[in-house]
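Visitor: This note's numbering applies: residue 1 is where the sequence shown begins, and numbers increase by one.
There may be inaccurate statements among the hints.
If you anchor each label on the Cβ, the simulated ranges turn out as follows [to be verified]: (1) Ala89 x Ser53: 23 to 31 angstroms; (2) Val23 x Ala89: 16 to 24 angstroms; (3) Glu10 x Tyr55: 33 to 41 angstroms; (4) His29 x Ala1: 21 to 29 angstroms; (5) Leu46 x Ala25: 12 to 20 angstroms.
None of these hints come from the bench; they were simulated from the model. In this text the structure is predicted, and so the values were computed from the model without any measurement. Using N, Cα and C, we set each Cβ at its ideal position, and we do this for glycine too.
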Amino acid sequence: AVAPGMIETEMLRKAIEDGHMDVEAYMGHLPMRRFGQPRDVAEAVLFLASDRSSYVTGQVIVPDGGWTAGSHGAATRKPRRSRAKRLHAELGTLRPVPAYDARAAQVRPEFTSL
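Could you build all of it, start to finish, from the sequences and the hints given here?
Guide: What follows is the structure in structure tokens.
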């Protein structure tokens with residue numbers, strides 16, 4: 001299968017023109033620093049259809065310029081606190097949880113012979 005990232009198409013150009021995408025923020029977290037071209041996707045498909053991929057099975061080729069390997073999450077959304085954490089912070093009811101000490105936990109006898 002081929003799962004492309006942002007490919008420079010008419011649909012992408014329209015989204016940028018309409019202000020639906022912050023190109024600068026996106027490119028700041030894209031290792032290749034460019035949108036993919038239709039040819040990039042075509043070459044991935046061509047590889048999978050060729051004899052050169054005869055030993056490739058069950059794989060997803062992701063021509064995305066490094067997006068899935070990068071730290072893109074920070075660029076696309078603002079960190080949020082969950083509603084529960086906000087409520088606990090307002091009420092002052094959020095308390096630290098003590099660390100679990102595995103050494104202090106007792107092992108059940110029926111599992112000691114494993």
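Visitor: Each hint: holds or not?
Guide: Hints versus structure:
1. Ala89 x Ser53: 23 to 31 angstroms: Violated, at about 53 angstroms.
2. Val23 x Ala89: 16 to 24 angstroms: violated, 35 angstroms
3. Glu10 x Tyr55: 33 to 41 angstroms: holds, 37 angstroms
4. His29 x Ala1: 21 to 29 angstroms: Since His29 and Ala1 have Cβ atoms about 24 angstroms apart, the given range 21 to 29 angstroms holds.
5. Leu46 x Ala25: 12 to 20 angstroms: With a Cβ separation near 32 angstroms, Leu46 and Ala25 fall outside 12 to 20 angstroms, so the hint is violated.
Violated hints, in rising order: 1, 2 and 5; the structure is consistent with all others.
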